[in-house]
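Number of protein chains: 2
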Amino acid sequence: VKHVTWNADAAEKGGYEHFMLKEICEQPGAIKATMTSRILPGQPVKLDDIAFTEKEIKEIEKIYIVACGTAYHAGVVGKYVIEKMARIPVEVDIASEFRYRDPLLNDKTLLIAVSQSGETADTLAAMREAKSKGVKVMAITNVVGSSIAREADNVLYTWAGPEIAVASTKAYTTQLITMYILGLYFAQHRGTMTNEEIEAVKNDMLTLPEKAEKTLGHRETLQKFASNNYMHKNMFFLGRGIDYAVAMEGALKVKEISYIHSEAYAGGELKHGTIALIEEGTVVIALATQSRLYDKMISNIREVTTRGAKVLGLAVEGNNSIEKVAEAALYVPPVQDILIPVLAVIPLQLLAYYTAVQKGCDVDKPRNLAKSVTVE
Amino acid sequence: VKHVTWNADAAEKGGYEHFMLKEICEQPGAIKATMTSRILPGQPVKLDDIAFTEKEIKEIEKIYIVACGTAYHAGVVGKYVIEKMARIPVEVDIASEFRYRDPLLNDKTLLIAVSQSGETADTLAAMREAKSKGVKVMAITNVVGSSIAREADNVLYTWAGPEIAVASTKAYTTQLITMYILGLYFAQHRGTMTNEEIEAVKNDMLTLPEKAEKTLGHRETLQKFASNNYMHKNMFFLGRGIDYAVAMEGALKVKEISYIHSEAYAGGELKHGTIALIEEGTVVIALATQSRLYDKMISNIREVTTRGAKVLGLAVEGNNSIEKVAEAALYVPPVQDILIPVLAVIPLQLLAYYTAVQKGCDVDKPRNLAKSVTVE
Chain Y
1 VKHVTWNADA AEKGGYEHFM LKEICEQPGA IKATMTSRIL PGQPVKLDDI
51 AFTEKEIKEI EKIYIVACGT AYHAGVVGKY VIEKMARIPV EVDIASEFRY
101 RDPLLNDKTL LIAVSQSGET ADTLAAMREA KSKGVKVMAI TNVVGSSIAR
151 EADNVLYTWA GPEIAVASTK AYTTQLITMY ILGLYFAQHR GTMTNEEIEA
201 VKNDMLTLPE KAEKTLGHRE TLQKFASNNY MHKNMFFLGR GIDYAVAMEG
251 ALKVKEISYI HSEAYAGGEL KHGTIALIEE GTVVIALATQ SRLYDKMISN
301 IREVTTRGAK VLGLAVEGNN SIEKVAEAAL YVPPVQDILI PVLAVIPLQL
351 LAYYTAVQKG CDVDKPRNLA KSVTVE
Chain P
377 VKHVTWNADA AEKGGYEHFM LKEICEQPGA IKATMTSRIL PGQPVKLDDI
427 AFTEKEIKEI EKIYIVACGT AYHAGVVGKY VIEKMARIPV EVDIASEFRY
477 RDPLLNDKTL LIAVSQSGET ADTLAAMREA KSKGVKVMAI TNVVGSSIAR
527 EADNVLYTWA GPEIAVASTK AYTTQLITMY ILGLYFAQHR GTMTNEEIEA
577 VKNDMLTLPE KAEKTLGHRE TLQKFASNNY MHKNMFFLGR GIDYAVAMEG
627 ALKVKEISYI HSEAYAGGEL KHGTIALIEE GTVVIALATQ SRLYDKMISN
677 IREVTTRGAK VLGLAVEGNN SIEKVAEAAL YVPPVQDILI PVLAVIPLQL
727 LAYYTAVQKG CDVDKPRNLA KSVTVE
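As they're listed, the protein sequences go chains Y and P.
Its first residue numbered 1, the first sequence is counted upward by one per residue in the working numbering.
Its first residue numbered 377, the second sequence is counted upward by one per residue in the working numbering.
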């Protein structure tokens, strides 16, 4: 068992109105802490708490990422990342579904359980179920010594510090960081990326804290957008590829704390049903951060604005042409496409936060929800 | 190229107020036509248009089911069915996502493209993309000679007859039937089920037309429920396991034709965010048809009724205890758990239909939607 020192001050609001805003703003530091010592330039990716043998890593034929809520959404990003970097097939599953699915498992399967608290009941049960069938299990958690950390064969900690607000923010972004680290680690051992490629990703990752800080600068714009739109009953988030994964997390944040029925869609699925819901004034948040999908998303934005939607676009700095189709746009600093979720989620967290504040909701303790779900 | 005779009358409404209601009511016959000659008792499952060699079937290591909209939801059921029956890992993907994902494919991969019209642009493109990489491709479609049918290596036709209403109903249930047929076919060739098990599923399948007819008898109850609830802005569908897959299709139907923002959730995920949206009077449709998940769903129903939700439960005849927690309940006739989606979806289709009628929507031609999406 390891011990981590969290000083008493860290659990205070430190000048912020809510823990959630404080935790959103702590993300640059949390991201940095989670990367530190693991991805030093010019050195192999190093994971202290991981005891895989070289042979075990090479033999992995399939990875299941199992989690609930926000951690599940980190897993959805993880699937893109690990499949792309390490070319290992990944299936992401909701823990309560995985448990009762009778999934295909064997000793070449790795299960990764993701849980901020390390105590999520369904995730823990899924992990135990898999372990009992001879599957190797690994935990990604924020709490040293938690049940999931103790029972897993391997643990990769997020170093987000204590997260008090019920709606998870810095736990999510640090979970994303662990996905990149794992992707690189497996790629390095399985030879699916060159050293140059690995170094390039690492170097870009090391710029994320500073770029996250810059992205937090959108606070005022989002506060204003929220004050103009908080009264809507519905909100839609659109994205393609890894942007779709981030859109899911954006929609969940809005649901959790502002009680607006928000939902994420894959851009290409709109025409297969959901577009029927778009009418004059419907608020749509459109993520268009992925270079090869940018033009497709611009078309999707056009489809919804034609039907009267009010679109807030999110793109990478320099792609200003989004303003031709969206009513308003926000930009994140450039970084490798696969790393963008770490930055793109920040405006979505802020949007949810300011919307909830504007509605007068209890931001840190939304109705009906508990911080960690330790019962089924 | 095969020819199929559709007489002119079949394209008329034949006494029904809308094509959609006519097509919902045609499901018993469509299901029967799709099974006929393929699953004769005591004989091996026979697929005329399938040219897999014994060796090819045994070598399949992974199946991708790729589709859009309702056909995608049939694929979600297909994953449960094929994994359970044939123990082949299945990944279901939205066609527009699959195309740009750079998925892991090889010559041991089978791609199944599902499309009622056989002309869905993204599905066709996904199929071509896979084929160009040496992947075997198979089509499930309702239209003989359609692009997807012509370009696939193998075709399994649904025999639903012409579907005119934009919102798909009988195409979906017949797509489910093809999933069972395929599951049994692969199981038979790979030896993952005994002959007795296969015969038992076939015998139960053959009772589906009659049981679907009986399930249509809920029309009046659903009409009444719709007239009491059509004014809501939101509606939620809950389910676990294969019920969750059916819940997704129920939510899509409501969205498409009644413009109510409806969404499906896995029962176990409620507590991880969505339950914040439940308030006094929120309408929840809860599917509790799966025997091993019944008690878990009863708990989930209790969670939402405690917060004021108005629950319509759906269970198998005999499981009347659902009435203790739900405000109202509907029942489907008993059949093997895995076959229940064919019956369970019918009340959801009827609910969407009567809700849209009550709202005065253009049921057969909902705003913004086209019957087959032949552009990206």
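Please note that a few of the clues may not be correct.
[Unchecked claim] Here are the computed lysine-lysine pairs in the DSS-like style, where the Cα-Cα straight-line distance is at most 27 angstroms:
hint, chain 1, residue 1, chain 2, residue 2
1, P, K507, Y, K84
2, P, K512, Y, K233
3, Y, K365, P, K609
4, Y, K62, P, K686
5, P, K672, Y, K365
6, Y, K310, P, K686
7, P, K509, Y, K58
8, P, K672, P, K700
9, P, K686, Y, K233
10, P, K735, Y, K233
11, P, K512, Y, K108
12, Y, K84, P, K509
13, P, K512, P, K422
14, P, K408, P, K431
15, P, K434, P, K507
16, Y, K296, P, K509
17, Y, K133, P, K509
18, P, K735, Y, K62
19, Y, K58, P, K484
To be clear, the hints were calculated from the coordinates, so they are not data collected in a lab.
Keep in mind the model is a prediction, meaning the values are calculated, not measured.
Do the hints match the structure? See the list:
Using a Cα cut-off of 27 angstroms, the hinted pair K507/P and K84/Y holds, with the two alpha carbons roughly 21 angstroms apart. A hinted pair counts as satisfied when its Cα atoms are at most 27 angstroms apart, and K512/P with K233/Y does not qualify at roughly 45 angstroms. Straight-line distance between C-alpha atoms of K365/Y and K609/P comes to about 25 angstroms, which keeps the hinted pair within the 27 angstroms bound. With a CA separation close to 41 angstroms, the supplied pair K62/Y and K686/P exceeds the 27 angstroms bound.
About 26 angstroms separates the Cα atoms of K672/P and K365/Y, which keeps this hinted pair within 27 angstroms; it holds. The hinted pair formed by K310/Y and K686/P fails the criterion: a straight-line CA distance of about 32 angstroms is larger than 27 angstroms. For the proposed pair K509/P and K58/Y, the alpha carbon gap of about 25 angstroms is at most 27 angstroms, so the pair holds. For the hint pairing K672/P with K700/P, the CA-to-CA distance comes to about 14 angstroms; that is within 27 angstroms, so the pair holds.
At roughly 19 angstroms between alpha-carbon atoms, K686/P and K233/Y fall within 27 angstroms of each other, so this suggested pair holds. Between K735/P and K233/Y the CA atoms are separated by roughly 19 angstroms; this keeps the pair inside 27 angstroms, and the hint holds. Only pairs whose Cα atoms come within 27 angstroms are accepted, and K512/P paired with K108/Y is accepted, the gap being roughly 25 angstroms. Taking the CA atoms of K84/Y and K509/P, the gap is about 17 angstroms. The hint holds against a cut of 27 angstroms.
As the CA atoms of K512/P and K422/P are separated by approximately 20 angstroms, the hinted pair is consistent with the 27 angstroms bound. For the given pair, K408/P sits about 31 angstroms from K431/P by alpha-carbon distance, which is inconsistent with the 27 angstroms threshold. Note on K434/P and K507/P: the hinted pairing holds, with a Cα-Cα distance of about 19 angstroms set against a maximum of 27 angstroms. At roughly 23 angstroms between alpha-carbon atoms, K296/Y and K509/P fall within 27 angstroms of each other, so this suggested pair holds.
Restraint check for K133/Y and K509/P: the C-alpha separation of about 35 angstroms exceeds 27 angstroms, so the hint is violated. Pair hint K735/P plus K62/Y does not hold up; C-alpha atoms about 48 angstroms apart against a cutoff of 27 angstroms. The suggested pairing of K58/Y with K484/P holds, with an alpha-carbon distance near 20 angstroms, which does not exceed 27 angstroms.
Checked against the numbered hints above, the structure breaks hints 2, 4, 6, 14, 17, 18 and satisfies the rest.
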